[in-house]
Structures are given as C-alpha cells and as structure tokens.
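Chains as they are written, first to last, in the working numbering: chain R, 1 to 109; chain X, 1 to 290; chain P, 1 to 319.
Taking lysine-lysine and the DSSO-like style, the derived pairs with C-alpha atoms no more than 27 Å apart in a straight line are: (1) Lys284/X to Lys41/R; (2) Lys50/R to Lys74/R; (3) Lys39/P to Lys64/R; (4) Lys11/X to Lys50/X; (5) Lys3/P to Lys104/R; (6) Lys252/X to Lys155/P; (7) Lys7/R to Lys42/R; (8) Lys87/X to Lys155/P; (9) Lys3/P to Lys97/R; (10) Lys93/X to Lys266/P; (11) Lys95/X to Lys266/P; (12) Lys155/P to Lys93/X; (13) Lys204/P to Lys191/X; (14) Lys42/R to Lys39/P; (15) Lys155/P to Lys95/X; (16) Lys39/P to Lys191/X; (17) Lys284/X to Lys155/P; (18) Lys41/R to Lys7/R.
Hints are computed from structural coordinates only; laboratory data are not their basis.
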Amino acid sequence: MALQELKFSFKPEKNYISFAPEWFHSGVVGSGDMEVLMEHKKQDGKVTVKVVTPVTGFDQVWEKVLAKFVAETKIGNLHMEINDNNATPFIVHMRLKQALFEAKGDVES
Amino acid sequence: MGMTMLGKGRKAISMILDEGSFVEGKIDGYTLPDIGPGAVIGTGSLKGRKVTVIANDAMVRNPRFPVVYSGVIGMEEAYKMATTVYKMIELDKNKPQGEKRPLVLIVDTPGNGPGKVEELFGMNKATGAYQLSLAEARQHGHPIVAMIIGRAISGAFLCHGLQADHILSLSEEFQTMIHVMPLAGISRITKRDIESLTELSKTNPVFASGAGFFYKLGGLEELVHNVDDMKDTIDRHITEVYKCNAEGNSEKCGPWGRGILGKERGGRETRDEVIRMMYDEFAKVEAQYI
Amino acid sequence: MRKWEEMQERSFYESTARERAVNLVDKGTFTELLAPIDKKTSPHLPILGEAVSFDDGVVTGVGKIGNRPVFVISQEGRFIGGAVGEVHGAKMVATFRLAQQSYEKIKAKYPNDYESRVPAVVISFETGGVRLHEANAGLLAHAEVMEQIQHCRGKIPVIGLVGSKVGCFGGMGFVVVATDMVIMSDRGRIGLTGPEVIEEAMGKKEFDASDKSLIYRITGGKHKYIMRDAAYLVQDTIGAFHKQVAEALKMSYDEVQSHRCIGSLKLVEEQLELVKIAAENNFKDATDVWAYFGNKKSDQIQDQFYDEFIREAKRRPRR
Numbered sequence: 001m002a003l004q005e006l007k008f009s010f011k012p013e014k015n016y017i018s019f020a021p022e023w024f025h026s027g028v029v030g031s032g033d034m035e036v037l038m039e040h041k042k043q044d045g046k047v048t049v050k051v052v053t054p055v056t057g058f059d060q061v062w063e064k065v066l067a068k069f070v071a072e073t074k075i076g077n078l079h080m081e082i083n084d085n086n087a088t089p090f091i092v093h094m095r096l097k098q099a100l101f102e103a104k105g106d107v108e109s
Numbered sequence: 001m002g003m004t005m006l007g008k009g010r011k012a013i014s015m016i017l018d019e020g021s022f023v024e025g026k027i028d029g030y031t032l033p034d035i036g037p038g039a040v041i042g043t044g045s046l047k048g049r050k051v052t053v054i055a056n057d058a059m060v061r062n063p064r065f066p067v068v069y070s071g072v073i074g075m076e077e078a079y080k081m082a083t084t085v086y087k088m089i090e091l092d093k094n095k096p097q098g099e100k101r102p103l104v105l106i107v108d109t110p111g112n113g114p115g116k117v118e119e120l121f122g123m124n125k126a127t128g129a130y131q132l133s134l135a136e137a138r139q140h141g142h143p144i145v146a147m148i149i150g151r152a153i154s155g156a157f158l159c160h161g162l163q164a165d166h167i168l169s170l171s172e173e174f175q176t177m178i179h180v181m182p183l184a185g186i187s188r189i190t191k192r193d194i195e196s197l198t199e200l201s202k203t204n205p206v207f208a209s210g211a212g213f214f215y216k217l218g219g220l221e222e223l224v225h226n227v228d229d230m231k232d233t234i235d236r237h238i239t240e241v242y243k244c245n246a247e248g249n250s251e252k253c254g255p256w257g258r259g260i261l262g263k264e265r266g267g268r269e270t271r272d273e274v275i276r277m278m279y280d281e282f283a284k285v286e287a288q289y290i
Numbered sequence: 001m002r003k004w005e006e007m008q009e010r011s012f013y014e015s016t017a018r019e020r021a022v023n024l025v026d027k028g029t030f031t032e033l034l035a036p037i038d039k040k041t042s043p044h045l046p047i048l049g050e051a052v053s054f055d056d057g058v059v060t061g062v063g064k065i066g067n068r069p070v071f072v073i074s075q076e077g078r079f080i081g082g083a084v085g086e087v088h089g090a091k092m093v094a095t096f097r098l099a100q101q102s103y104e105k106i107k108a109k110y111p112n113d114y115e116s117r118v119p120a121v122v123i124s125f126e127t128g129g130v131r132l133h134e135a136n137a138g139l140l141a142h143a144e145v146m147e148q149i150q151h152c153r154g155k156i157p158v159i160g161l162v163g164s165k166v167g168c169f170g171g172m173g174f175v176v177v178a179t180d181m182v183i184m185s186d187r188g189r190i191g192l193t194g195p196e197v198i199e200e201a202m203g204k205k206e207f208d209a210s211d212k213s214l215i216y217r218i219t220g221g222k223h224k225y226i227m228r229d230a231a232y233l234v235q236d237t238i239g240a241f242h243k244q245v246a247e248a249l250k251m252s253y254d255e256v257q258s259h260r261c262i263g264s265l266k267l268v269e270e271q272l273e274l275v276k277i278a279a280e281n282n283f284k285d286a287t288d289v290w291a292y293f294g295n296k297k298s299d300q301i302q303d304q305f306y307d308e309f310i311r312e313a314k315r316r317p318r319r
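Hey, can you work out the whole structure from these sequences and the hints?
As structure tokens, then:
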C-alpha cells in the first residue's frame, strides 16, 4: 500500500553533455502525470534517478524509458527525482525530454 | 453505553453555568434577533464570572431553512452567532484587557447548512463571518473556551470551536465525535479499505476520527473525563487564557498556539519545519523586497 | 515556461499554480519559497500509497507589483484537487506570517511613507478544501489561515483570486470570502458544500447534483459578481487578473476593504438582510435571484459574453 521508491543509475554516453543548471523543475503530479526535479551532480557523467510512485511492478519499464532518455539526450552529471502518479511510459519520456529542453533555457513552443 | 451529552446543548448550559443564571437571547441590555433557533445564545455566570454562551440546540428545526436541524449551523444561526460576538466586543470596548468577558462555546454540531439556497446566498459567508468575529474577539482579549459535548464535525467545527483560545472535549466514552469525515467516507475517497485505515490510524492520528487523535495533533487542549468536571475545567482554562494574554503570549492560544501544541505532542511536526524553512529562505532574499 | 509577456495572454483557467504565481506579479520579480528543490513532500501521503509532490500542491513565494512586495499563494488543482494537508497548510500560514513581519519592517524602515510600500497577500485559489488523506491536519490549517486573515486586517490587503479549473470549495470556500477583495473570472466557482451532499440533504427533486449547468449558475463567477461576493469579474487571462490586482494595490487600504462581504457587525447585518430575502422568497435557481435584483433577461445571463454582461448586469445594491 505504501508508496514505492525505485532507484536507477546509468553510465554516461561517451560524449555526454553535462547537465548545467543547478536545478530545474518541471511538471505537475496530476492523475496520469508526473513531475521531475533535475539537479546537476558531479558524478563522472552518471545519471542517477529516484522514482516515487504508487504503482508497483513496473521497475523494468521505468528502467527502459529512463535508459532511452539518457541514450537519446546524451545527458550526464544529472540526478533526477520523479514523483509519478500513474503516468504512461510515453508521458514519462515526453515529460523528461520537455523538462531537459526547458532546462537548457529554451522555452516550450 | 455510558452517559452522553449528544443533543443536550441546553442541559450542558445548565450544568456549566451557575444555577439559574442563564438569560437567553440577551447580552446585557441588547436583545439578539429572533432567528436561528438552533443557536442558543445568552449571558450567565460561571463560578461568579459573567460569560457569554453560544451553544447548539439539536432538538429544534429552523422553520425557514429546511436543511437546518439537529444542530446544523445554518446562515441565520451563524450570523446570529457573529452578531453576538461583535456586540460583546462593543459592550466591553472600554474595559481593560483583563476584564473583557469570556465567551464559552458549547459545541454539538454536525455541519453547516447543506442546501441550495445556502449556496445561492452564501453559507460560506455566514460561517466565515462567525470565524472572523471570534478571531477579532480574541484580539481584543476576550478569552474564548470551547467545550465539545457531542459532535464537532468538519466545517461546523471550524466555525464553532476551532477559533477558540482553548478547546476542551468530553472524552470518547461520551460518544463525542470529532472529524472531517468518518473513516468509512475517507475509505471511499482514498480507495483504501477500512480495515487497513483503522490499523494505520493507530499510529497516525492525522486522518483518524475522534477526540484522542485530535488531542495528539494539538487540536484540543484537554480531554474531560467526567461531565461534572466541565464547569471547573472551563473556569480553569478561562483563567489560563487571561494569564496568557496578560503575559503577552496570546499566540500560545488559538489556532497558532495549537500548531505549537501539535509539535509538542508529536502529532504535527512537519508544520513547524515548513514554517521555519520558509522564514529562513525569505531572510536570504528579503533585501530585494523590503 | 514561456515569457512573462506571453503568459499574460494565457488562460488563467488552464494555467498551473506555478505559472499563475510567477506571472501574477511583475516580470522577473517572483522568488518561490519552499520551492521543489526543498523536496518538502507530505509525510502522510506515502503510507496511504498516494503520490506526493515537491510543492504539496501549492506554490508560495514573494514578488513585486510596482513598489510593493506581494506574497503569493497559488494552489494546484491537478494535485489531489488542490486540497489542503499539513505541508500545504503550513506554507499558506507561513506566507501570511512573512507578510505581517515584512509589514512591521517596512513600517520601521520608512516611517513617513510606508503606506505606499506595504505588502499584500494574493491567493490564487484552486482547491476542494481539506485533504481527506490528512484530514485533521488540513482542518487545523484552515483555522490557522482564518486567524491569519484576521491578523492582517487594518494593515495588509488580502486579495483572493478564483478562476481555475477546480474552483474554490469546502473550507476554502469561506476562506476566500474572508479576504478583503475577491476577483473572479466567469469560469471561477465558489461554494461550500459539495453538490452530492446537497442532493443527499434535499433530495434529487430539489437539487440534482448531476445538473452541471445549475451548479455552475449557483457557484459561478457571474452569480458571485451579482451578489457582490466577488468585487470584480475579469476576463480569463493571467494578465487580466494581474492588472486587477495591480489596480487594487493603487487603492487606499480603506478602499480595498470596502469590498469585503464579511468581517464587521455592519457587514453581518447587511448579509442578514440578504438571508431575510432568501427566507421570504422561494428561489429555485440563480436566475430567480438575478431577476430579483433587477436583471430582466436573467435567463440569458449565463450565455452572455463578458463585455455585454459587465455592461448590463444589475448587482445586489449595497446598504
């Protein structure tokens, strides 16, 4: 019944881009949605993630979506914390990319 | 089942006040409007001290507002209560702080008027008006002590009780009910079964129903285990509140004071952390704004 | 987030709490207090298996409008209906306290012209009231907020904004009308008791909780504007709300609080006259009340566009 806490760690891509801002927050924990807090963390390029979610049994799905995000964006030196409320893998992927895009100083179009 | 005071607001008045001292419908020479029969209001003496009393009468119906009965606080009741408080402030306007008359709230109410006309004309304004009047009376130094004898439910407790300096409650043996919603309702809304909620509520008083849990959260100052002790306990708390005010510690009483109490009793510790963190963060940027 | 200028054009109704908070004050002036980076989530939701949020459903902070510090509370309806729990409530209360502390400091620093510099509190309500998952803490927080509003009286203007998706219901329904000035959009809604509870109390024949249109008429911005529970009705953009708040801050304190609907004996007496009208007339719908106050085409009001409504609406006369 209690909330689940999942932890992941990803090795960086070869030419990783270090996450620059001290921190960036994006998203709202609505039903079927999530928020992410991205923090710069000097950790040899690694990306670490903590997911807090009411849903159980989707550890592998999370791992896959997060790995895809890290590979696609080549982001590194990043610690992310996600508060999830039943977001689908598609939403998760979209929200993360959106957040990173905004964090780099671009605005949502 | 032991004794209960549920629905016995009038009886409670006679038990709490000095015999035969209660004059209904009047605060000194002022006669209250003849509305809101569910609000029993008047002046009496408590161990020789002149007090204003506001109680619920659960046995009457409001002839004009069909959803207002059984102790429900409707628009007329709430505005009548607010009028009382403002009149009391006015009457004692020239008295020094330590001599402002106390107000005793006798609480047995299941809710505010849940009707269409209430929404149209503003039940929210009526209950809000009463709360503001109580908060203002406290600012002037009128000690307010609430005594829960039966039901203190959600919004009705917010309006008739939670703005008091000190809140006392008969303990659960007397079938007192203090909650926002019974556990069954919480179970429906949180989609958690009632058994596990009952189990959880043993260690976490934050959503559970009952006087004991409210005590742990600092939601009330003292539990009273014997009906015959109500009078003395209220009197003692009136004295304590006077003392607090005289020492310039009025913030140890009332809603903010119960926040402090919630921390002391270990029931609401995060509240205090949050407030302190916000103070610290503002201090760092203050120069930009002040 | 998009640029401040663009956000002024954005629908207030659709905006998140953070978008509203940042863009209700002057450009670039907002500092969030207890921001997501503090990670102060609810200690009570996890044991119930309920998702948590870094801001616990409310964005708090400080910005400026002109010369004046503006303390902002902005509730997020997407997170558990914007309902108030322990952290959420404590953030609201702390914001009020900071405004009062700032008032005293400003008064000491600018003894001769502090009046043009006094802080304000602006609350963008989007909430169903008490969060049932932590009901008792939420209830106690409501009482604290009411106390703080009273403590701001005579010093700090407190302005309530309602125009978001969830509306402003339950205990927050009386908190909003306890502010000095309520600003709404047509899409905003204010009420105390939920429709289902009213249906239960009155019977389906008298009140049908599934009749969305009826509920909207009773709780909506137009009704509250006619009743003067809302002082101003504005268009549904963040900019329109920002502009109206800025206008309010140009007013004297007395002028701001002349828009109060409760908070004194005189106002209680005025409201009691309304209750008398309610008791003497068998109003079935908001349209009956609108007609009573002189709106001839009361059945068309709900469909009227903003400009036409503002031009033609007859409001409850003040005493």
